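Visitor: Take a look at the letters that make up each chain.
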Amino acid sequence: MIGATSILKSSVASPSAAAVCAHCGEPVPQGGDARFCCAGCAAAFEIIRELGLEKFYVRLARSARQRALRPEDDSAVDYAAFARTDSRGETTLHLMIDGLHCAACVWLIESVLARVPGVLDGRVNMTTRRLMLRWRGTAELAPRFAHKVAALGYRLVPFDPTLATATGDTRERELLRALAVAGFAAANVMLLSVSVWSGQAEVMGPATRDLMHWLSALIALPAIAYAGRPFFRSALAALSAGRTNMDVPISIGVILAAGMSLFETLHSGPHAYFDSAVTLLFFLLVGRYLDIRARGRVRVAAEQLVTLGVRMVTVVAPDGSLKALAPAAIRSGDIVLVAAGERIGVDGRVIEGRSDLDASLVSGESNPVAATIGTPVFAGTLNLTAPLRIEVTASGEGTLLAEIVRLMEAAERARARHAVLADRIARRYAPVVHATALLTFVGWMLLGDAPWQQALLNAIAVLIITCPCALALAVPVVQVVASGRLMRGGILVKSGSALERLASVDTVVFDKTGTLTLGRPELANLAAIDPACLGAAAALARTSRHPLARALARAAGPGAPAAGVEELPGQGLRRVWSAGEERLGSRAYCGVDSNSRPAPSAPELWYLRTGGAAVGFSFADHLRSDASSTIAGLVADGYRIALLSGDRPEVVSDIARQVGIADWRGGVDPAGKCAWLAERAGEGRRTLMVGDGLNDAPALAAATVSMSPSSAIDISQNAADLVFQGERLAAVDIALAVARRAMRLVRQNLALALVYNLAAVPLAILGYVTPLLAAAAMSSSSLLVIGNALRLSRGRAR
Amino acid sequence: VNSLLILIPVAVGLGLIGLVAFLWALRSGQFDDLDGAAHRILFDDDDQPPPKS
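Chain order of the listed sequences is A and B. Note that my numbering has the first sequence beginning at 10, numbered continuously upward. Note that my numbering has the second sequence beginning at 8, numbered continuously upward.
Where hints are given, some of them may not hold.
DEER-style ranges, computed between Cβ atoms [claimed, not checked]:
| hint | chain 1 | residue 1 | chain 2 | residue 2 | range |
| --- | --- | --- | --- | --- | --- |
| 1 | B | Asp39 | A | Arg563 | 38 to 44 Å |
| 2 | A | Arg182 | B | Ile48 | 23 to 29 Å |
| 3 | A | Arg182 | B | Asn9 | 41 to 47 Å |
| 4 | B | Asp39 | A | Ile56 | 27 to 33 Å |
| 5 | B | Gly36 | A | His156 | 23 to 29 Å |
| 6 | A | Ala687 | B | Asp39 | 44 to 50 Å |
| 7 | B | Gln37 | A | Val451 | 52 to 58 Å |
| 8 | B | Trp31 | A | Arg180 | 19 to 25 Å |
| 9 | A | Glu59 | B | Ser35 | 32 to 38 Å |
| 10 | A | Thr179 | B | Ile48 | 26 to 32 Å |
| 11 | A | Ala379 | B | Asp39 | 49 to 55 Å |
| 12 | B | Gln37 | A | Val212 | 45 to 51 Å |
| 13 | B | Gly36 | A | Asp672 | 52 to 58 Å |
Short derived list, chain B residues pointing at chain A, Cβ under 7 Å [said to hold, decoys possible]:
| hint | residue |
| --- | --- |
| 14 | Val19 |
| 15 | Asp42 |
| 16 | Gly43 |
Computed footprint of chain B on chain A, listed as stretches where at least three residues anywhere in the stretch have a Cβ under 8 Å from a Cβ of chain B [claimed, not checked]:
| hint | segment |
| --- | --- |
| 17 | 126 to 138 |
| 18 | 186 to 200 |
Treat the hints as calculated values from the structure; they're not laboratory data. A quick note: this is a predicted structure, and the numbers were derived from the prediction, not measured. Glycine included, each C-beta is placed from N, C-alpha and C at the ideal position.
Full structure from sequences and hints, please.
Guide: Rendered as structure tokens:
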């Protein structure tokens with residue numbers, strides 16, 4: 010309450026130029042009502058106040074990474090289609106939430122829903138950023154409840170939970186249950202084993218020892234049968250496909266250890282390995298669980314980025330009504346309405362309206378182009394200035410999108426199937442181990458005069474001691490630590506083998522627009538412009554969404570927009586008032602003679618007022634602030650750098666010179682990028698492709714490994730192995746450094762595991778291995794490997 | 008030695024109770040939203056209406 014009123018007071022008391030909206034925190038555009046930026050925010054504030062939840066504004070910690078809480082019109086979203094009604098007449102709807110800033114948002118949404126009559130349950134999962142909504146009644150009520158949350162300023166995207174992540178979740182649960190069982194069994198069996206080991210030296214009789222063994226068997230055997238299933242399943246699948254993987258020697262080792270211990274227990278023998286078998290399973294399950302959990306988190310984060318980026322397409326039905334449909338449901342010949350500022354979701358032709366289009370994500374071209382009736386448009390293009398009606402000309406084959414997808418599929422097929430390091434090792438390791446065990450058996454039979462049972466026991470001891478516990482942990486633990494470290498830095502590692510591939514890279518290829526640059530224009534000739542003129546032009550510019558106008562407004566700083574401004578799409582802005590006429594727009598619109606001043610390669614705006622001379626503003630797509638230093642750092646590390654762009658060669662060469670890239674190409678189409686990469690691959694070079702546009706997607710799939718900024722178009726984010734957030738290009742450098750260090754640790758871990766095996770195997774062959782020795786060796790080698798991997802989470806990346 | 012016959016079942020039984028409790032917690036969804044649970048505790052419940060059945 011206190012916080013809300015103080016916010017009100019401060020904004021009322023100082024209706025200055027820098028006033029922010031009391032609800033969403035965005036700058037308030039007009040000088041008049043300084044409390045709210047729009048009617049939606051005013052309504053949201055009113056809802057919250059009426060429910061007595063003003064504490065929200067005190068508790069809210071705004072995050073710059075989340076979208077502002079500005080309510081949008083959600084009447085076209087089809088919530089009801091995703092709601093499911095069960096036999097008891099209760100309906101459930103799952104929604105993804107965009108705009109969750111902090112826990113206060115969770116509290117607000119749940120409190121608001123708890124006050125809506127009819128809602129049984131409204132629960133936000135903060136980890137996955139999802140809302141589960143349950144109410145009594147039919148699915149048709151869905152928009153009513155969902156709108157309560159949307160009116161607060163959150164964007165909701167309904168989804169079908171059975172399709173989304175069900176497989177990953179159930180696997181994670183199964184592993185956690187197996188981990189719990191294995192942990193319980195390991196602790197209790199170890200308790201019994203320790204008493205056997207210490208008792209043997211003292212006074213424990215064989216009868217007590219057998220009792221301990223029987224009890225161990227009682228606990229261990231069911232636990233192994235339950236907790237070992239993930240490994241047994243995977244091993245069986247590999248064997249039935251005629252391959253072997255790491256799970257084959259693990260399964261053999263565990264089953265033989267349990268079987269032999271049971272045999273010993275039946276015959277009152279001294280050598281029971283139950284503790285080794287269960288502890289081994291426990292350690293391996295810890296590794297597996299951490300691995301799948303880390304990957305699950307990344308998957309959820311990546312899905313979130315992509316799903317929220319996909320917009321419904323607004324279709325105009327024959328009767329004139331509007332309907333929001335998924336892009337997949339659009340047919341050729343449909344009429345689609347695209348509002349100003351919205352991304353076009355289909356390929357088609359403009360049939361009504363005039364506007365400017367920003368195609369930088371599609372073609373790499375940085376200058377906005379004008380669109381009029383008849384202009385072909387492509388999915389992924391941003392509509393800037395005015396609403397357009399578009400007739401869908403092509404669906405499926407023949408669209409630019411389909412062409413890109415086809416190129417991508419071809420590229421992914423061509424990408425050499427990368428065998429994961431751990432499986433490559435397992436393929437060589439397993440035959441060696443099994444041959445050693447066989448030789449041990451044969452050797453004891455021929456050379457030693459032991460009975461066959463003794464020979465078999467020694468052979469099995471070899472298999473148990475070589476069970477690749479440390480080896481199986483060596484790679485996943487490092488990967489978990491490395492991807493966790495990268496995730497904290499805003500870099501999502503989407504693919505399991507991405508780090509291995511990243512560490513092998515020797516060439517880094519960048520796209521220009523949106524990758525090296527921020528993908529938005531900035532005023533370039535600020536110093537040359539008269540401040541009064543800049544102020545007047547900025548007042549006009551503040552009324553427009555055109556990227557050049559916005560850049561001009563940004564450069565001029567905060568201020569009030571001019572009143573009575575008219576926008577002529579494709580030409581510019583105009584206002585006629587007491588002081589005469591003002592124009593801000595293209596060269597032709599402001600009557601600048603192209604002959605007297607040659608057109609530059611950069612985008613430009615002109616400002617003209619009655620009685621004055623035309624003033625030119627030129628713009629440039631600025632580099633990311635650390636682009637040059639990142640490139641210099643990569644060159645110093647010995648990487649070869651190249652720049653491939655779909656933009657005009659003169660713009661590309663300019664950027665290449667600024668960041669210091671000698672090897673550049675302009676005007677390259679998607680197929681050309683793929684061909685360039687294939688050529689490099691032919692020379693034996695391994696490439697990292699960094700790009701964001703639709704035209705980069707095939708190249709992202711074709712490169713050895715690929716990265717995308719989170720501002721990239723969804724297809725590119727799907728194709729990329731890593732996605733980085735934020736404006737700093739240094740993410741590329743950090744990812745490479747962490748990957749290299751991770752591979753170094755993996756190699757160290759593999760060496761440790763190998764040394765341990767080389768030391769222990771001779772003992773096993775000679776028959777000196779006891780259960781105590783096996784348990785100690787296995788646990789210590791696993792802990793050593795995990796400890797070594799954890800070094801990665803500390804210290805600097807390089 | 009006879010005390011073992013009592014102590015071992017007690018030890019294993021206690022462990023089993025812990026295991027069952029964990030599996031129950033897992034099944035009832037208590038591990039679904041660890042981030043949310045960490046923050047939820049910070050808000051008072053006095054302004055929430057009583058939970059509906």
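Visitor: Against each hint, give a clear statement of whether it holds in the structure.
Guide: Each hint tested on the structure:
Checking the proposed 38 to 44 Å range against Asp39(B) and Arg563(A) shows it holds: the Cβ atoms sit about 42 Å from each other. For the pair Arg182(A) and Ile48(B), the supplied restraint of 23 to 29 Å holds, since their beta-carbon distance comes to about 24 Å. The hinted range of 41 to 47 Å is satisfied by Arg182(A) and Asn9(B), whose Cβ atoms lie roughly 42 Å apart. Here the CB-CB span from Asp39(B) to Ile56(A) is close to 29 Å, well matched to the stated 27 to 33 Å.
For Gly36(B) paired with His156(A), a C-beta distance near 27 Å keeps the hint of 23 to 29 Å intact. A hinted range of 44 to 50 Å holds for the C-beta pair Ala687(A) and Asp39(B), which are about 45 Å apart. Checked against the hint of 52 to 58 Å, the C-beta distance between Gln37(B) and Val451(A) comes to roughly 54 Å, which is consistent with it. Checked against the given bound of 19 to 25 Å, the beta carbons of Trp31(B) and Arg180(A), roughly 20 Å apart, stay inside it.
For the pair Glu59(A) and Ser35(B), the beta carbons lie near 35 Å from each other, so the given range of 32 to 38 Å is met. At roughly 29 Å, the beta carbons of Thr179(A) and Ile48(B) sit within the given window of 26 to 32 Å. About 51 Å separates the C-beta atoms of Ala379(A) and Asp39(B), a value consistent with the hinted range of 49 to 55 Å. Checked against the hint of 45 to 51 Å, the C-beta distance between Gln37(B) and Val212(A) comes to roughly 46 Å, which is consistent with it.
Look at Gly36(B) against Asp672(A): about 54 Å separates their beta carbons, and that is inside 52 to 58 Å. Taken as an interface hint, Val19(B) checks out: its beta carbon lies about 6 Å from the nearest beta carbon of chain A, inside 7 Å. Interface hint status for Asp42(B): upheld, as the beta-carbon distance to the closest one in chain A is roughly 4 Å, under 7 Å. For the restraint placing Gly43(B) at the interface with chain A, the shortest Cβ-Cβ distance is roughly 3 Å, inside the 7 Å limit, so the hint holds.
By the rule of at least three residues with a Cβ nearer than 8 Å to a Cβ of chain B, the coverage given for the segment 126 to 138 of chain A holds, with 6 such residues. Beta-carbon proximity to chain B at under 8 Å applies to 7 residues in the segment 186 to 200 of chain A; the threshold of 3 is reached and the given coverage holds.
The structure meets every hint from the earlier list without exception.
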